[in-house]
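Student: Sequence:
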Amino acid sequence: MADRRSSPRAPGPDEPGLRLLGIVHSERRLGPIWEASRAARFDAEVVRFRDVAALVYPGPVESASADMQEIVGHHRRLDALLQRETVVPAPYGVVFRTRRDVTRFLRERYGELGDALVFVEGRWEFRLHLVPEDREFPDALALDMATHIYAELRKLAHAAVPFPRDEPRTFTSAYLVDRMGTRAFLERVEELGRTNPDLALDSTGPWPPYDFVSMRRDSSES
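The opening residue of the sequence shown carries number 0 in numbering that gives the first Met the number 0; numbering runs sequentially from there.
The set of hints was computed from the structure by calculation and includes no laboratory data. Mixed in with the good hints, there may be bad ones.
With beta-carbon atoms standing in for the labels, derived distance ranges [stated by the list, open to error]:
#1 ASP133 to ASP66: 38 to 44 Å
#2 VAL71 to GLU189: 54 to 60 Å
#3 ARG106 to GLU151: 40 to 46 Å
#4 GLU111 to THR203: 26 to 32 Å
#5 ASP42 to ALA139: 47 to 53 Å
#6 ASP42 to ASP138: 44 to 50 Å
This structure is a prediction, so every number in the text was calculated from the model and none was measured. Think of the CB as a built atom: it goes at the ideal place given N, C-alpha and C, for glycine as much as any other residue.
All chains, please: the whole structure from these sequences, using the hints.
Tutor: Now the structure itself:
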């Protein structure tokens with residue numbers, strides 16, 4: 000006699016899938032109730048594979064356009080999560096159809112996700128924007144000063160990355176800073192601002208380490 004049980008049906012484009020918030024350490028040793036409570040703080044649920052876990056929350060599998068309120072909500076969740084623990088952040092828009100797809104993603108990317116967690120363990124990101132105070136300030140000199148500031152702050156960071164200049168007179172860089180070293184890093188930013196008065200230094204953060212890990216989206220497709 001044929002088995003009448005139907006197999007699980009993947010959600011259609013207009014039905015909710017699971018949007019990835021980020022990758023964290025699995026806390027299986029503390030039990031499923033504790034782990035579920037942990038995820039609930041961020042309106043999310045946990046999908047585990049070995050010692051890594053994905054935090055996911057409901058989201059449409061396909062969307063014609065990104066909703067700004069949803070994007071802001073995604074990043075607020077990440078900011079709240081960052082205050083509590085290490086996280087490999089996912090950009091807005093990484094969506095899976097089912098929990099099984101999330102587990103498959105964790106299994107296929109287990110090595111690189113584990114490495115990413117180790118790399119950002121106990122660290123978060125700061126960004127620094129530098130702009131000459133005077134519009135007539137020589138660009139070559141501003142570049143030399145920005146390079147010096149970058150080198151000085153790099154000494155206090157686990158990693159750093161300069162960004163291409165979107166605007167001719169703006170210099171932007173990101174720093175992966177140990178949480179315990181945050182005060183020393185910010186004090187050095189202030190000191191460099193005082194000793195380089197021709198440049199306006201604007202430091203922002205801490206942020207999830209978006210610029211030091213990448214979440215590949217190909218595995219989120221089913």
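Student: State for each hint whether it applies.
Tutor: Hints versus structure:
no., hint, result
1, ASP133 to ASP66: 38 to 44 Å, "holds, 41 Å"
2, VAL71 to GLU189: 54 to 60 Å, "violated, 29 Å"
3, ARG106 to GLU151: 40 to 46 Å, "holds, 42 Å"
4, GLU111 to THR203: 26 to 32 Å, "holds, 28 Å"
5, ASP42 to ALA139: 47 to 53 Å, "holds, 50 Å"
6, ASP42 to ASP138: 44 to 50 Å, "holds, 47 Å"
Of the hints listed earlier, the one the structure fails to meet is number 2.
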